[in-house]
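Q: Protein chains in written order, with numbering that gives the first Met the number 0: chain A, 0 to 548; chain B, 0 to 450.
Honestly, the hints are just simulated from the structure, not real lab data.
Please read these numbers as outputs of a predicted model, since none were measured by experiment.
Treat the hints with care, since some could be wrong.
Below, computed lysine-lysine pairings styled on DSS-like, alpha-carbon distance capped at 27 Å [what the hints assert, rightly or not]: (1) A:K64 x B:K1; (2) B:K268 x B:K155; (3) A:K317 x B:K1; (4) B:K361 x B:K248; (5) B:K1 x A:K77; (6) B:K1 x A:K86; (7) B:K354 x B:K417.
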Amino acid sequence: METVYALYLAISRWVLPLLSCLLVFLWIRYFRLSRPPRQTVARFVTREGDPSNLYAQEGLIGRSKHCDILLPLPTVEKRHAVVYQKKGNWWIASLGGEVWVNEEYIEEETILLHGDMVAIAEQELMFECNDLEEEDVYSYRMPSGALSLIVLTVFQLVMGGQICLRFLDALPTMLPICFGALVVGQWIYFAATRLMHRPMLLAELPILYLVTLGTAVCACATPDVLLKQLFCIGVGVVGCLCLAFLLRYHEFCYGARYVFALITVGVMAVTVVFGTRIYGARNWLSIGSYSFQPSEFAKVALLLVGGCCLYVSLTKWKNRWFFLFFCAAVMGTLVLMVDFGAIAIFFVTMLVILLMRMTDWRLVTAIGLGAVAAGTVVLLLYPHIADRFSVWTNVWQYASSTGYQQTRTMIAAASGGLLGVGGGNGTLLSVAAADTDLVFGVLCEEWGGIIALCAAMCFVALGFYAVRLARFAACGFYATTVCGAAVMMLFQTALNIFGSTDLLPLTGVTMMFVSRGGTSLIAAFLLLAFFKAAERPACGLETERRRYY
Amino acid sequence: MKRISFHSLAVIVVALLFCAGLGLFYGRLALVGDAWATYPTNRHLYKDGHLVKAGEITDRDGTVLAYTRKGTRYFHEDIRIRQATAHTVGDLDGFVSTGVHSAFLNELTGYDLINGTYNMSGEGHDMRLTVDADLSVTACQALGNRAGTVGIYNYKTGEILCMVSTPTFDPASETGLAEEKGVYVNRLLSGSYAPGSIFKLVTALSALENLDDVASHRYTCARGVTIGGEWLSCLGNHGKVDLESALVKSCNAAFAQFALTLGRSRLTKTAEKVGFNQTLTMDGIACTQSCYQVEKSNDIDFGWSGIGQHNDTVNPFQFLTFMGGIAGGGTCVWPYLVEDISSFSGTVKTMSNGKRVSMMSKDAAATLSDMMRKDVTDHYGDGNFAGLELCAKTGTAEIGDQSTPHSWFVGFCRAPDKPYAFVVVVENAGAGLGVASHIAARVLKAAPKWS
Ligand SMILES: [Zn+2]
Numbered sequence: 000m001e002t003v004y005a006l007y008l009a010i011s012r013w014v015l016p017l018l019s020c021l022l023v024f025l026w027i028r029y030f031r032l033s034r035p036p037r038q039t040v041a042r043f044v045t046r047e048g049d050p051s052n053l054y055a056q057e058g059l060i061g062r063s064k065h066c067d068i069l070l071p072l073p074t075v076e077k078r079h080a081v082v083y084q085k086k087g088n089w090w091i092a093s094l095g096g097e098v099w100v101n102e103e104y105i106e107e108e109t110i111l112l113h114g115d116m117v118a119i120a121e122q123e124l125m126f127e128c129n130d131l132e133e134e135d136v137y138s139y140r141m142p143s144g145a146l147s148l149i150v151l152t153v154f155q156l157v158m159g160g161q162i163c164l165r166f167l168d169a170l171p172t173m174l175p176i177c178f179g180a181l182v183v184g185q186w187i188y189f190a191a192t193r194l195m196h197r198p199m200l201l202a203e204l205p206i207l208y209l210v211t212l213g214t215a216v217c218a219c220a221t222p223d224v225l226l227k228q229l230f231c232i233g234v235g236v237v238g239c240l241c242l243a244f245l246l247r248y249h250e251f252c253y254g255a256r257y258v259f260a261l262i263t264v265g266v267m268a269v270t271v272v273f274g275t276r277i278y279g280a281r282n283w284l285s286i287g288s289y290s291f292q293p294s295e296f297a298k299v300a301l302l303l304v305g306g307c308c309l310y311v312s313l314t315k316w317k318n319r320w321f322f323l324f325f326c327a328a329v330m331g332t333l334v335l336m337v338d339f340g341a342i343a344i345f346f347v348t349m350l351v352i353l354l355m356r357m358t359d360w361r362l363v364t365a366i367g368l369g370a371v372a373a374g375t376v377v378l379l380l381y382p383h384i385a386d387r388f389s390v391w392t393n394v395w396q397y398a399s400s401t402g403y404q405q406t407r408t409m410i411a412a413a414s415g416g417l418l419g420v421g422g423g424n425g426t427l428l429s430v431a432a433a434d435t436d437l438v439f440g441v442l443c444e445e446w447g448g449i450i451a452l453c454a455a456m457c458f459v460a461l462g463f464y465a466v467r468l469a470r471f472a473a474c475g476f477y478a479t480t481v482c483g484a485a486v487m488m489l490f491q492t493a494l495n496i497f498g499s500t501d502l503l504p505l506t507g508v509t510m511m512f513v514s515r516g517g518t519s520l521i522a523a524f525l526l527l528a529f530f531k532a533a534e535r536p537a538c539g540l541e542t543e544r545r546r547y548y
Numbered sequence: 000m001k002r003i004s005f006h007s008l009a010v011i012v013v014a015l016l017f018c019a020g021l022g023l024f025y026g027r028l029a030l031v032g033d034a035w036a037t038y039p040t041n042r043h044l045y046k047d048g049h050l051v052k053a054g055e056i057t058d059r060d061g062t063v064l065a066y067t068r069k070g071t072r073y074f075h076e077d078i079r080i081r082q083a084t085a086h087t088v089g090d091l092d093g094f095v096s097t098g099v100h101s102a103f104l105n106e107l108t109g110y111d112l113i114n115g116t117y118n119m120s121g122e123g124h125d126m127r128l129t130v131d132a133d134l135s136v137t138a139c140q141a142l143g144n145r146a147g148t149v150g151i152y153n154y155k156t157g158e159i160l161c162m163v164s165t166p167t168f169d170p171a172s173e174t175g176l177a178e179e180k181g182v183y184v185n186r187l188l189s190g191s192y193a194p195g196s197i198f199k200l201v202t203a204l205s206a207l208e209n210l211d212d213v214a215s216h217r218y219t220c221a222r223g224v225t226i227g228g229e230w231l232s233c234l235g236n237h238g239k240v241d242l243e244s245a246l247v248k249s250c251n252a253a254f255a256q257f258a259l260t261l262g263r264s265r266l267t268k269t270a271e272k273v274g275f276n277q278t279l280t281m282d283g284i285a286c287t288q289s290c291y292q293v294e295k296s297n298d299i300d301f302g303w304s305g306i307g308q309h310n311d312t313v314n315p316f317q318f319l320t321f322m323g324g325i326a327g328g329g330t331c332v333w334p335y336l337v338e339d340i341s342s343f344s345g346t347v348k349t350m351s352n353g354k355r356v357s358m359m360s361k362d363a364a365a366t367l368s369d370m371m372r373k374d375v376t377d378h379y380g381d382g383n384f385a386g387l388e389l390c391a392k393t394g395t396a397e398i399g400d401q402s403t404p405h406s407w408f409v410g411f412c413r414a415p416d417k418p419y420a421f422v423v424v425v426e427n428a429g430a431g432l433g434v435a436s437h438i439a440a441r442v443l444k445a446a447p448k449w450s
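Next up, chain B with everything else stripped away, as it sits in the complex:
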C-alpha cells in the first residue's frame, strides 16, 4: 500500500499543473483583462460595435463634451465644440488613438480587475478634463481650414487649456473618413515637423549653459557663413552678432557657429535634456519623439542642425513642455489633461498631476526668457500682443520640395493673470511671423484669466 500511496502523488502532480494553468489564466486576466473587456464585441460596453457604457466627459467649466443616455453615446450639441474637441475627446470607433475615448477607455467605462465592467450606477466613470471648450472653438476657428495645431497650457499648474488639431471632424457623425489627410491625428501629441528657427532656442540654451562667457562670443554674418567649404546662408547681412542679437535677428550664421563651438555632444546633451530623442507622455499617452541626431553628420549638416534644419524633427507637445520649462524658471510643470475621474460615489482616481521636470538652470531660463521677450518687443511688435507680456520665437520649417514651409510660433506669456505656454504650428503657412503669430495672439487673448 505504501507503494500505491507513493504513486498516488501523480494526482498531486496533475493538481499542481492544474493550479499552474489557473495561475496563468488569472495572471493574464490581471495583465490583459482590460484589453479583453474593452474588445468591441463586449455587449457590456458596446452596442453594434459602438461604445455606449461610459461616463461623462466634461471640460474645465463642466461643459459636457460626451455622455451616454439610455444606451446611446452622445457628444456636445454644438458642432463647433464637437469639432474643436474631436481629437481630445476622441471618437467611438478608436480612430483617434490618443483621444480620451481610446486612451482612457478603462477609466471611462469604469473597468477594473475587481469589478470588471460592473458599476452600481450602471454607467462608467466621469472624467473632467482641463481643456476649455470655448477656447478650443476659438483656436479651431483661428486655424480655419489650414492644417495645424494649437496647444496652450498653464505652466504654473500643468493644466492643458487648449489642444486643437486641424483638419478635424465631427465625432458624432463623421467616422471612417479618408485617412490620408490625417484627420484622426492629434497633431499636438502625434505630429512631427521640422523645427526651423525655434530650434535656435535649444542652441541658445546650450550656449548659455556650456559657454563660460557667452557675451564675449561674437560671430560674423555676411548673408551667411562658409562651413567646411560649403555655404550656409542667412536671411540678412547681420555683421558681428552676439547671442542675444543673434536670437532677436534669428541669424542663421551665428547660430551655426554657436553649434560648431558647442560641439555635437554638448548640443545633443542639451537637446535631450529638454526632451529630444525620448518618448514623452501626457497622462500616460505616448507622444511622437522629437529627434536630434547629429553623431554622424558632417560640419555643414551639423551647422544646419543648430538652426533647426538638417534632419531635426520636433513634436509640438515636446516643444510645449520646453516652453513651460523656460517659463517656469528652468523647471517644467508637466502638462496634463485629466483633472479627475469620478463615479457617482466620489472620486475614484486622482491623476498624478503636477509632475515637475528640471530642464535647465534658473539663470539660463531667465536669460532665455528675456531674450524671447526682447524678440517680441524689438522684432515682432508688442502691440499685437497687448497685455500678455509675450515671450516668443518664430520658426519656418522648410519642407524640402517646393511646398510653402510650415510655420511655427512658440512661447509663453509672463502676464501674471495669463501664465500660459503655447505652441502653434500651421502647415504650409509661410513665415512664422504672420499666420501662426496671429492665431497665437487671437487665442491667447481669448484665454480665460487665471487667478
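Chain A on its own, in the form it takes in the complex:
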C-alpha cells in the first residue's frame, strides 16, 4: 500500500499544479469571453439629435473627461450635475452648476421624466429613458464555465484521493465525505445558477479553488474539525446569498445605514468590554459555547455602510462625515482590542472606498497623514507591536524566538519547492496558528509553490473582476462595494502571505477561504455577496411621458 501511495504522490504532485495552471488559463479565457454588452438605460439628446448614452443607473454631467454625459463647454462645471434612479424614478441634482429642467431653475433634486428638456449652460438636452426589464438584461449569452468546473472537480478528486491514501491506515470517515460534499455542493450550485439564468461563475471559481485548498489543509491538519469547517462553508454560502438578496435593494440599505452602523459599533463595543483574548488580540466574543470574532463582520459592515453613505447623493457632506465617524469608531474599538491586522485592512479599504467616491483629494491626503501620526502613536503606546517591527526583515536572527513563525514558514515553503511534498507530509502544521496565519507556508510545503501561487492569484483575479464589475455595475453603490471587497481580500491576503514570509511585519490575519476558521470563513463568503450583487446589470425604468414629447 505504501508503494501505491508513493507512486500516486509522485504523479499527483505534478498533476495538481498542472490542473491549477489549466484552471488559471480557463478562468482568463472565461473572463475574456464573458464581457457583458453595454445597454443604454437612458440618453440625453441634443437639439441636433446627437445622443449621449447612459449605461448605468447613475451618471455625471460635466466637462471633465470622466463624466458620463460629456459637455465640453467652458461654461459647464467639471462636474456639473448628476442623474440617478431612485424610488422608481429618474432624478437630476446639481453638483454646483446651474441646471434648468423644462425651463425651471432647480435647487433641489428633481424628478426627470421621459421627454424632459434639461438645460445646462445654454446646452439643451432632451432626456429619454429606455425601459429595459430585468429579464431583457439577462438575455445575452455567456459561456457557462462548466469546463472550468469540470477541471476543478478533477482537481478536487485527485487532491482528495491523495489525502485519503496518505491517511489510509486511520482514515477519518469524514474526510472522503467532506470532499464528496464539496464536489456535489458546487455542482448543485452550478445547476441552480443555470435554472435561474444567472450563469456567472467568475467570482465563484477562484473561491471554490481556495475553499478546496482550505478543506485540504484542514483535512491534513485537524480532520476532526472538518465537519465544522464544511458547516461554516455552508453557512457562508447561505449568508452570501441572503446578503446578495438584501443588496439588490440598495435603496433599502441606504435607508437603513444608521441601523447597520449602530449595530456594528455596538457589537464592537460589547466585544471590547466582554471579549476574550486568543493569540494576542482580544477580539473574540463568546455566547455560551459558541465564540466568534465580531471584527470579521465589521469588515462586511464597513463595505455596506461605506456603500450607503457614499451613495449617489454626492451633494450631502453629512453622509461623508458620518462614514468617517463610523470608521473612526470601529477602528477605535479595534485599537482597544489590539487587533492591528484588522485595523490595517479596515483603513486601506476605507481609503479605497473614499477614493472611489471622493471629490476632494485634500481630504484623502489629510486622512493619510492622520494615519501616519496615529501609527506613530500606536507604536509608542504598544511596545509589542514595535517588537514585531524590530524582528521584521531580521527574522533569521530571532529564528527561535520572535521570528519563529516566519522562519518556519520560509523553511517549509522552501522544503515544498514548486511541487510540494504531498498533503499531510509537511512539518509546518506543528507550529502554532499554522493553519490560519501561516497557511500560505502550509500550501507551499504540502501542495507546492505553484498551487500556492495560484491561490494568491485567485485574489488578483477577483481584483480584476471587481474592476470589470465596477465598470458595468448598475450604480455606484455596487461599484464602490465590490471594489472595496476586492481590496479588502487582496490586502488581507497580502498581510497574511507577506507577513508570514517576512516581507511585511507579521500581524496574524487569515487568508480568506483557506485558513481554518468559523467567523472569518463566513465573513469571507459575505464579501462574495458584493460580487454577486454587482453582477446585476443596470435596468431601465418606465416613466410617464412629458407633454412635450
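We have chain A already, so just place chain B with the ligand on it with the hints.
A: Below, chain B with the ligand alone, put in the same frame as chain A:
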C-alpha cells in the same frame, strides 16, 4: 459611473503591488530557498539538528563513507577511514565548511527549487567521490600525529585521489572539539603557508618564459649575495650558477638575482598566471588565496620574495594545480572531487569535470619538468622513489619565531601508470627533504596504478 470606474483602477494598483510582493517572495525562494530548506531546524532533513536525510557518499571504489539508515546518519565503520576522510566528507554539524556534507548539502539532500526536499525514494542523492579511502588512510597514517596535508590528484583526468588533513577527528563521535588546533580546517583547501624554496619554481618559470637566453644568465653565489646594501644568505657556497643548477642546488642567491632581473611586474604576472592572488575553486568550493604582493617592497624584500620568503603565502591546493600544470605540459586539468551525483532513477547531475587551465608554454613546462626530475635524480636520490619517475621540489617555510619550519614537498610522477601530481605539507617538520619527502614516497607508492 465613468468616474467611479476610473477610480476603481485603485484596485488594479493594489493587485499589482500584491503581484510585485509575490514576485519578490518567489524570487527569494528561487535564490535563497536552498539556504531556507537546509536550515538545521528543518525536520524534513534534520533530526535534533543533525542531518539525516541525505544520500550515500562513496569513494572511487564504492566504499561507502557516509549513509543514512532509518533516519540516522552513519559513517564508515572503520575509524581509520572515518578519520582519513573526515575533512573530505565533513561532519553533520557543519564544522568543516568545505566538507561534502556542508558544501554539497543541496546535492546530498536532493534539494532543488522544483521538488523542494521531496525525493520519491525518501532519501537524498548519492554522491561518488574521486578519493581513494585506502590511500587516504595510508596518507593519514604517514602524517601520523603531525599537522599537515597530503593532496594527490591525477593530472591527466583531474580526479583527486587523496585529500587528507591532520590533525583530524572522528566525524561519527567527535564534534565540537576545541577549534584552536584547527581540526576542522581542511589544510589542503583552506591552509596557507609560507612557501619557502618551492616558490623558486615560479621564479624559474618566469625566467624561462621571459628571459631570451636563459642559459646565458649566470649569477654568483658566495654563501649569499648583497642586494641594496643588505645581505641575502644562501645555504651553500654555490659559485657561478645557471638556472638549472640553481634549482637543483636550491641556491637562494641566484634566484634572488633572477627575481631582480625579471622585475616585479613580470614575476607577479607569472605568479598570477599560476593562481596567485586569485580565489581558486574546487568543485565550487572556494580555496584560500595564495598571495604574492611585491609592488611596494624594496629590493632586498623583493629578492627574498623570489625565493618564497618575505610575505609570500601559498595555499596547498593552488600549488597542486601548478604541479598539474607543469606535469600536463603547460595546461592543468583542474582537480575535482565529485565524480557524479545520482538518485535511484539515475544520474541527476554531472559535474563540469575536466576543465583545462593554460598556465605556461609547453616548452617551459618541459624544461621545468626536466629540472625537477634532475633535482630528484641528482639531489634527493631516485632510489627513495623507485618506479615513480618523480619530479619534485622541496621547500622549507621559515615561520618567523623560533619554531621548527614547515616542510613542503611538491611535484609529480612521470611514470605512465602513476600520472599523479602531489603536494605534501608537514607543519614544524624541518627541512623539506626528510619527513615530507618520506610521506610523499610512502603515499605515492601506495597509490593505485592508473590505466
Ligand atoms: Zn647559493
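Q: Does each hint fit the structure? Answer for all of them.
A: Here is what the structure says about each hint:
no.	hint	verdict
1	A:K64 x B:K1	holds (9 Å)
2	B:K268 x B:K155	holds (26 Å)
3	A:K317 x B:K1	holds (24 Å)
4	B:K361 x B:K248	holds (24 Å)
5	B:K1 x A:K77	holds (14 Å)
6	B:K1 x A:K86	holds (23 Å)
7	B:K354 x B:K417	holds (20 Å)
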